[in-house]
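K.L.:
Listed here are the chains, written in short residue letters.
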Amino acid sequence: MTATVATQPAAAQPRNPISQSVRDSLVVAKRNLIRMMRIPEMIIFGMIQPIMFVVLFSYVFGGSMNVGGTTDPAVYREFLMAGIFAQTVTFATAGAGAGIADDMHKGLVDRFRSLPMARGAVLTGRTLADSVQTALTLLVLAVVALIVGWRVHEGIPKALGGFALLLLLGYAFSWIGALIGLSVRTPEAATSGGLIWLFPLTFVSNAFVDSSQMTPWLRHLADWNPFSATVQACRELFGNPGVSSSGAWPMQHPVWASLVWSVLIIVVFRTLAVRKYRSATS
Amino acid sequence: MTGAIYAEGLVKTFGDVRALDGVDLDVPEGTVLGLLGPNGAGKTTAVRVLTTLLKPDSGKAVVAGIDVLRHPNEVRRQIGLSGQFAAVDEYLTGRENLQMVGQLYQMSGKAAKARAGELLEQFNLAEAADRTAKTYSGGMRRRLDLAAALVVRPPVMFMDEPTTGLDPRNRMALWDVIQDLVAGGTTLLLTTQYLEEADRLAHDICVIDHGKVIARGTSDQLKAQTGGERVEVVVHEREDLVPAAEVLRGFGKGELKVQDHTRQITVPVTGGAKLLAEVIRELDTRGIEIDDIGLRRPTLDDVFISLTGHAAELKEEESE
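Residue numbers (my numbering), protein chains in the order written: chain B, 1 to 282; chain D, 283 to 602.
Warning: the hint list may mix true and false statements.
Said to hold, decoys possible - Below, a list of computed lysine to aspartate or glutamate pairs in the EDC-like style, where the Cα atoms sit at most 16 Å apart:
(1) D/Lys494 / D/Asp349
(2) D/Lys494 / D/Asp303
(3) D/Lys416 / B/Glu188
(4) B/Lys30 / D/Glu372
(5) D/Lys337 / D/Asp303
(6) D/Lys539 / D/Glu514
(7) B/Lys106 / D/Asp349
(8) D/Lys337 / D/Asp349
(9) D/Lys342 / D/Asp308
To be verified - Non-contacting residues of chain D with respect to chain B, defined by C-beta distances greater than 12 Å in every case (computed):
(10) Asp371
(11) Thr375
(12) Val459
(13) Val540
(14) Ile562
The hints are simulated quantities; they were obtained by calculation from the structure and are not laboratory data.
Glycine is no exception: its CB is placed at the ideal position from the N, C-alpha and C atoms.
Could you put the whole structure together from the sequences, leaning on the hints where they help?
P.N.:
This is the structure we're talking about:
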């Protein structure tokens, strides 16, 4: 038995799936950007933390850190910046997670899921908006870095390439955040769930210390840490000191390694997150 | 002939809990079905299945002539959903919220904008249109949520406890909106815990408990099932209970109930207002002073209690 109701399509006819997906994602991204502008304290807090890290690490650790055989604080400051930039972009995880958990919590995900929109668009829109915020944070942070003495030595195009890799890494991590946000019940849980594992991840790496001084097993972890590849790539592209001479493939080919890791994370976590979204229950 | 909303044998389990245990529904086009039941009865689960949000373990669901399980995205074009929470973005203005929803229903930006303006006007939100929803009262958020569900004038609407948490004035205002909507030909499935709401809005009512439909029919049919009218008397003095009971027994058509502490006597009757007048005269003749007397028809509350053995609202605490 089927219903025999005469139906005219209420919503407009379906368009080409790819252009629909792009358009829906942009509609959701716009919504998230409007939200960001109306909650400026979120952006400001997002900036204060990395700036604090720059100042603390430069002036507290600088002078006692050995980078490339010198403990000159100026050398450490230049070394440090790629690490801080990379750590900052990974914090997008927490923002994406909290935002999506909040949408679930408030029933907005139910509303979106009942609309004839592209399935991945809610998450893509969120991650795209997070990238805009990440870019803004990086810009401010780069200015602070310039103030404390960080410089690029390989020209602007290469430096921009480094920032592009950073943005891509941040975008990849926001998909991890999206999956976390869909998996936990509350925005608070998503924030802490999005942050705690970032500390071991970013510390067992070449971000803050020269990994060649670590014990061998730890150095091995650090060399293959997806996060280290981007840091190494940025040091090369910025012409900053402390580029690791490790023979591990990601350290020898950091730009490629950074790209591969980021794309891999996007493919895996986007697939998992979209699948989770389709069956999400608030 | 089946209706705009049709379900057959829907089953959904969450662990050990059978949230839906073989639910059949059939809502003719242009009518309102009230899905009535306590918290945790399975109402929300039924709505979630019918609105493509949840896949049932088994069973069949057809909305607006489209198979929900096979073509969920086509179903989404035909439905509007207003859930238990006002699902609006509180940092967006009312207008921005509606425009976004319109665009996600695949309307053009221009059409979505025009429609948003219309709805804000219709739902009495025009003045607040450019304020963020955060500043709205509970009633305004509900109206905005409902407006969002109506952006494409969907032929089939689902409302999950639309008035929960609203004060009586806002509740009644929302009832008016819903009645207008139905007058325009929309098919509506409405869940509620408020018997009065189902009574007021729904053509047909399904009473659901523990995932099963335990009764269905019009409000009058359900009330008739529970039993007809009765006379209730509250006497002024406790010692009058015995003589008053004697009088009422003479008029009654069934078992007499006497509640000592409230000085109340209840007896099923037939004969309506005419009989009531006779009862009053007889009590008066015997000099029995009464505080209150009335002819009571069963409410949906009575229906619910007689069907489930518990009152509709009592179960709230032990909800999902």
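K.L.:
Against the structure, test the hints numbered earlier, and report the numbers of the ones violated in rising order.
P.N.:
1, 3, 7, 10, 11
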